[in-house]
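These protein sequence lines map, in sequence, to chains A and B.
First residue of the first sequence? That's 1 in our numbering, and the numbers climb one at a time after it.
First residue of the second sequence? That's 1 in our numbering, and the numbers climb one at a time after it.
These are computed hints drawn from the structure, not numbers from a lab.
If you're wondering where the values come from, they're calculated on a predicted model, not measured in any experiment.
Mixed in with the good hints there might be a few duds.
Given that identical chains are not distinguished, each listed pair holds provided it fits within a single copy or across any two copies.
Calculated cross-link-like contacts (lysine-lysine; reagent style DSS-like; alpha-carbon spacing at most 25 Å) [what the hints assert, rightly or not]:
1. K167 <-> K331
2. K221 <-> K75
3. K221 <-> K172
4. K331 <-> K221
5. K97 <-> K221
6. K97 <-> K329
7. K329 <-> K167
8. K167 <-> K352
9. K281 <-> K97
10. K352 <-> K97
11. K221 <-> K167
12. K97 <-> K331
13. K329 <-> K352
14. K331 <-> K172
15. K172 <-> K281
There are 2 protein chains.
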Amino acid sequence: MCTIGEGVLTMATTVHLSSSSLFIQSRGRRYNSLTSVNNLQKRNVLSLSASLNSQGRGHMNPPQGNDHNSSFDFKSYMIRKAESVSSALDVSVPLLKPLTIQEAVRYSLLAGGKRVRPLLCIAACELVGGDETTAMSAACAVEMIHASSLIHDDLPCMDNADLRRGKPTNHKVFGEDMAVLAGDALLALAFEHMTVVSSGLVAPERTVRAVIELAKAIGTKGLVAGQVVDLRSEGLNPDDVGFEHLEFIHLHKTAALLEAAAVLGVIMGGGTEEEVEKLRKYARCIGHLFQVVDDILDVTRSTEELGKTAGKDVIAGKLTYPRLIGLEKSKELAENLRKEAEEQLLGFDSEKAAPLVALASYIASRNN
Amino acid sequence: MCTIGEGVLTMATTVHLSSSSLFIQSRGRRYNSLTSVNNLQKRNVLSLSASLNSQGRGHMNPPQGNDHNSSFDFKSYMIRKAESVSSALDVSVPLLKPLTIQEAVRYSLLAGGKRVRPLLCIAACELVGGDETTAMSAACAVEMIHASSLIHDDLPCMDNADLRRGKPTNHKVFGEDMAVLAGDALLALAFEHMTVVSSGLVAPERTVRAVIELAKAIGTKGLVAGQVVDLRSEGLNPDDVGFEHLEFIHLHKTAALLEAAAVLGVIMGGGTEEEVEKLRKYARCIGHLFQVVDDILDVTRSTEELGKTAGKDVIAGKLTYPRLIGLEKSKELAENLRKEAEEQLLGFDSEKAAPLVALASYIASRNN
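Bound conformation, chain A alone:
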């Protein structure tokens, strides 16, 4: 099976989906004391993981109320797509001069990871009739933006993280100046790569539309907005912060780029406006769902079951869904989000929708 957390993709026997595989910063980190030098390392230790063994040894159970193919092999699909994406990313940043910056860019971009966002992009493209080739430039672009945000997020003036995916962070290896520039370079490269590679493959109208979606997901309407509100929430009392405040951070810091990944896939695949909006909603739901489940597991599972300290959110006084609306209502919310995500896939070809159904189902049913 494959590791689908932030670690390197392997053929290991257990599938992990750590919180940091979807979230560039563990939510609420500004509300607790985990902002020290080794906070990333701590977060990795604390991250939730889940085994696909508990869900049919890697074969996703079909969600209730849907006729999607029950024999879909999520694990194989995930590995296949991650390998394709990693190969495409490798080619996208050749070792040209100046070597230092190219090495810094490659260090973070090719450091492994489950390629969840690229997978979403490709699966969304395939859903509307496109193929992997058509989606790949956008899939790589989204991963470049993700890598860029991680590099800048790890900087001493931000999260001050020493480790990322078990390796020294970019600035620890190449210096802070190079890390700032590597992040900038990756941000620009995302747009360059997507537009250059897609030029001969899709109509320019689609590419323009994709550039707009991607850019909006990054800036002050997306990722950056979430990071800013998170940074500025440091030291605030969770009770004073409120539900909407937390939702804002999650929807911008995490869901925005997932949303862009899915929407770009639909755009590149030539989907309709209706399909764009369905996949936008789907991606938003799974981003939200992931966080709700994360909060529930913190209060319902033992440290042994979780593989990390149980109840840490409660101890840290973090604003969580159980704290805000209670455990039962949180479980209802999670189930509603799973259903809502799944509903967006109704009406599509069941075989093509299978990877996305499996992803939503997996996030909802994980036990640790």
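With the hints as your guide, set chain B onto chain A.
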């Protein structure tokens, strides 16, 4: 008259073109001792300035060998375009929530400046038959990239500058974390703004082409490459560095974005490939020309004439054109670059070429 350095555009009586108006970092800063906290302030004090009074009270003399309109009022053109660009930039970043990041972005983007790059973009668009409206989205995008690079360049881990355009740098006002994010937001906003605004104005093929050009100018093939080589040259003996090394820095750190500005203007204006290449060469020449003249003035003018310490490059042991090829050869090189820039404009309508001819001529003939 107007100040065309990095300061706020005013109706003052003297026109200044400071080195920092075209160069995001004073060249060779890594080869001398000006890397302390106040280096930007020092650079501003040391920067060259020139009065348009010496060139016909603001009316540019027609370059020899060209029949361009001698009555062209460069000053008025510059002021008019800078005002238009500033208005467009103001609208491009409304004060939406989260306010902190929008304020940080606006602080640097609307801090004044001569808008040399947007002017180049608009003038290039008008040259090939387009108009200001058609070029404006690209003109703003280029200025956003410029502002983004200045914010990141001023960070403590980069230039560690306290002042920019006479005001505290972005991170001094908003904090390092916000400055990193403001730079990222501006980088993304450039692509968002250009693609959204140009959607109804130009064919998507042109927009895609413009995105590719802009992205290439920023990343490891452009601006970032120049910054990396400059940063990594710190502490090197100028004599060991060599001519090509210095040319690489100038062409990437300075000329690449000027080149993109001009080329984007031609693309948006619907110019031919031949016109794109002519304007690319023009922009590259004026970037190069500016540096050669800067070096010549350092050894030929008194401190009083320059308004800054004369001979500072010699004292600092910097690699300069006079040092490498001698003063006379440097003057020849400057004249050749002016001619080469001007030659790119032959064959175009003389009235439309006038702003670009005037700009090249002005850079070549400045006395301080």
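Outcome of the hint check:
{"no.": "1", "hint": "K167 <-> K331", "result": "neither (35 Å within a copy, 52 Å between copies)"}
{"no.": "2", "hint": "K221 <-> K75", "result": "neither (34 Å within a copy, 38 Å between copies)"}
{"no.": "3", "hint": "K221 <-> K172", "result": "between (30 Å within a copy, 24 Å between copies)"}
{"no.": "4", "hint": "K331 <-> K221", "result": "neither (30 Å within a copy, 50 Å between copies)"}
{"no.": "5", "hint": "K97 <-> K221", "result": "between (34 Å within a copy, 9 Å between copies)"}
{"no.": "6", "hint": "K97 <-> K329", "result": "neither (56 Å within a copy, 30 Å between copies)"}
{"no.": "7", "hint": "K329 <-> K167", "result": "neither (39 Å within a copy, 52 Å between copies)"}
{"no.": "8", "hint": "K167 <-> K352", "result": "neither (36 Å within a copy, 56 Å between copies)"}
{"no.": "9", "hint": "K281 <-> K97", "result": "between (42 Å within a copy, 22 Å between copies)"}
{"no.": "10", "hint": "K352 <-> K97", "result": "neither (42 Å within a copy, 38 Å between copies)"}
{"no.": "11", "hint": "K221 <-> K167", "result": "neither (31 Å within a copy, 27 Å between copies)"}
{"no.": "12", "hint": "K97 <-> K331", "result": "neither (53 Å within a copy, 31 Å between copies)"}
{"no.": "13", "hint": "K329 <-> K352", "result": "neither (32 Å within a copy, 68 Å between copies)"}
{"no.": "14", "hint": "K331 <-> K172", "result": "neither (40 Å within a copy, 45 Å between copies)"}
{"no.": "15", "hint": "K172 <-> K281", "result": "neither (38 Å within a copy, 39 Å between copies)"}
Consistency note: the structure conflicts with the earlier hints numbered 1, 2, 4, 6, 7, 8, 10, 11, 12, 13, 14 and 15.
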